[in-house]
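Use the sequences and the hints to build the structure in full.
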Amino acid sequence: MLRIRDASVTFPASDGQDVHALDHVSLDIAPDSIVVAVGASGCGKSTLLNAIAGFLPLSEGSITLDGKEIVAPGGDRGVVFQKDTLLPWANVLDNVALGLKYRGVSRDERHERSRRLLELVGLADFAEKPPYELSGGMRQRVGIARALATDPKILLMDEPFGALDSLTRETMQQLLASVWAKTGKQILFITHSIEEALTLGTTIVVMSPRPGRIVARFDADFVREFAQSGDIGPIQSHPRFIELRQEIRSLIHQPEGARTGTLQ
Amino acid sequence: MTLAANSPTTFPISSARREPGSRPRRSASTSTLGISLVTLAALIALWFLAAHFEWASPLFLPSPAEVLTQFSAVWADGYANGTLLEHTLASLGRIAAALGVGIFLGIPLGLLMGLNRWVKGIFSVPIDLYWGLPPLAYLPLLIIWLGIGETSKIVLLSLSTFAPICFAAQAGVRSVPVERINAALSLGASRLQLFTSIILPSALPEIMTGLKIAIGAGLSTLVAAELIAAQSGLGYMIMSAANFLATDVVFVGLIVIAVLAFAFTSGMRWLEHRLIPWKGKL
Chain L
1 MLRIRDASVT
11 FPASDGQDVH
21 ALDHVSLDIA
31 PDSIVVAVGA
41 SGCGKSTLLN
51 AIAGFLPLSE
61 GSITLDGKEI
71 VAPGGDRGVV
81 FQKDTLLPWA
91 NVLDNVALGL
101 KYRGVSRDER
111 HERSRRLLEL
121 VGLADFAEKP
131 PYELSGGMRQ
141 RVGIARALAT
151 DPKILLMDEP
161 FGALDSLTRE
171 TMQQLLASVW
181 AKTGKQILFI
191 THSIEEALTL
201 GTTIVVMSPR
211 PGRIVARFDA
221 DFVREFAQSG
231 DIGPIQSHPR
241 FIELRQEIRS
251 LIHQPEGART
261 GTLQ
Chain P
1 MTLAANSPTT
11 FPISSARREP
21 GSRPRRSAST
31 STLGISLVTL
41 AALIALWFLA
51 AHFEWASPLF
61 LPSPAEVLTQ
71 FSAVWADGYA
81 NGTLLEHTLA
91 SLGRIAAALG
101 VGIFLGIPLG
111 LLMGLNRWVK
121 GIFSVPIDLY
131 WGLPPLAYLP
141 LLIIWLGIGE
151 TSKIVLLSLS
161 TFAPICFAAQ
171 AGVRSVPVER
181 INAALSLGAS
191 RLQLFTSIIL
201 PSALPEIMTG
211 LKIAIGAGLS
221 TLVAAELIAA
231 QSGLGYMIMS
241 AANFLATDVV
251 FVGLIVIAVL
261 AFAFTSGMRW
271 LEHRLIPWKG
281 KL
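Top to bottom, those sequences are chains L and P. The first sequence begins at 1 in full-length UniProt numbering and counts up by one. The second sequence begins at 1 in full-length UniProt numbering and counts up by one.
Simulated from the structure, these hints should not be mistaken for laboratory data. If you're wondering where the values come from, they're calculated on a predicted model, not measured in any experiment. Think of the CB as a built atom: it goes at the ideal place given N, C-alpha and C, for glycine as much as any other residue. Keep in mind that the hints are not guaranteed to be accurate.
Pairs of lysine-lysine, BS3-like flavour, derived with a Cα cap of 30 Å [stated by the list, open to error]:
(1) Lys83/L to Lys153/L
(2) Lys129/L to Lys279/P
(3) Lys281/P to Lys101/L
(4) Lys281/P to Lys83/L
Pair ranges (Cβ atoms, derived) [to be verified]:
(5) Gly121/P to Glu247/L: 48 to 58 Å
(6) Leu167/L to Gly121/P: 49 to 59 Å
(7) Met268/P to Ser106/L: 30 to 40 Å
As structure tokens, this is what we get:
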């Protein structure tokens, strides 16, 4: 269980005014759930993820994972980045095995475990390739396999499919849903796509910018159906899906309009 | 697939796009190789003509044939207290020693300067200051301090190879993408593992570039230093020959230096291809 209590992150800005990237955010991520944070850019969703990952210190509040306070990056939280961060000098298999190597797992064992993960993400035939010979979608799959390799307690995904074309993106969403159904990992997923949030989330938190806050949360379970059927069409035409999409859209757009009004 | 079948004219474009690896680059380099060889042949032909029709006095511009004869003479009998091989080896020995010093001091110090604010703060000012000086300007000082022997020359050359290598290693550390570091940390890397598995290989392309610059700087400083104060080496041979207006020997020396420089550059390119085939990708 990941517990976020009153987490705030404040940056000093160049004009002397502090930027409240994250303002008293509280959130629980239970095992076996996918929490998707959705919002316009600047709403603090990436800041939230970076704080959980341990890349950013909190100004206030606390984040605990299974009761242990998070102070630095660590292998108990796997991170998948928007920009792939694979090592170009290592082949796909060694990239997946990197975290296991850091833990001192023997070469044979880490290769065996990494091969199984490559099978899970459908890249078993690409183990010996250098990452730069793979397409963007394939590289993100390697990134997911790499993050899963150390068997982290939670998977943190920062707009992982944001840079992919829409067809590849759908394939990747399917893959993630099935990986989640198979591994039961708790996942925090960041996106600016409302459809993606509804398709993948068991909980959707809507965030708004300046200061970065959670303004609403919804429960959904389209992802279970999606993991089984692998077909996005019927889900996205479900009346409840359309209704939620509309509600979230108005939540995201409305306060922004109101805010520009007060600024002027 | 269907697209390519329907419109065959688009096929080469799409296949080139599918393989962004080494193939286009290799075909580009072979296509310039032909042009370069023709240019080289044209230059030699021009030299031949200029010498044959005596556009310049033979005293100033020897013919290719004379240079070739002189080459074998200097190779066999020697010139200015040594054969061509001895002079070349003397020069090569100096540059090898200087590169060794530059690598073994420059890389570790540059890496430390990239990693640590204190090390950078302490060393960057003295390195910046001396790197701006022309080596020949402080050579007299080095000769006064260290004598006329090998030490002063190797120190001079080491100073000129050290700075570019050190700067490159420092730039290499700073060029590591922060996401790559964060990714490694979230995979549980310790500080040492972060350095050996991420920072060092990420810095390697910059370090190789620094080495290339260091070889160039070393070579030009070397010949200049040998022109002033030496009893052996290609620069010394050229200077001795120039004193007697033996322009053919000067040409022999220049050609050897040019071949050496070309060999160094090609060797570095080969090494880059072997060590960092991934350079510029990802």
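For the hint 48 to 58 Å, verify it against the beta carbon of Gly121/P and that of Glu247/L.
Holds, since Gly121/P and Glu247/L (Cβ atoms, about 55 Å apart) stay within the stated range.
A range of 30 to 40 Å was offered for this pair. Does it hold for the Cβ distance of Met268/P and Ser106/L?
The hinted range 30 to 40 Å holds for Met268/P and Ser106/L, with Cβ atoms some 37 Å apart.
Compare the distance between the alpha carbons of Lys281/P and Lys83/L with 30 Å, and conclude whether the hinted pair is satisfied.
holds (14 Å)
Taking only the CA atoms, is the gap from Lys83/L to Lys153/L under or equal to 30 Å?
Satisfied, since the Cα-Cα distance of roughly 22 Å is no more than 30 Å.
Evaluate the given range 49 to 59 Å for the C-beta pair formed by Leu167/L and Gly121/P.
holds (52 Å)
Does the structure keep Lys129/L and Lys279/P at a Cα separation of 30 Å or less?
Since the Cα atoms of Lys129/L and Lys279/P sit roughly 16 Å apart, the hinted pair holds (cutoff 30 Å).
For a C-alpha distance cap of 30 Å, please report whether Lys281/P and Lys101/L respect it.
With a Cα-Cα distance of about 24 Å, the restraint between Lys281/P and Lys101/L holds, given a limit of 30 Å.
In terms of the numbered hints stated before, the structure departs from none.
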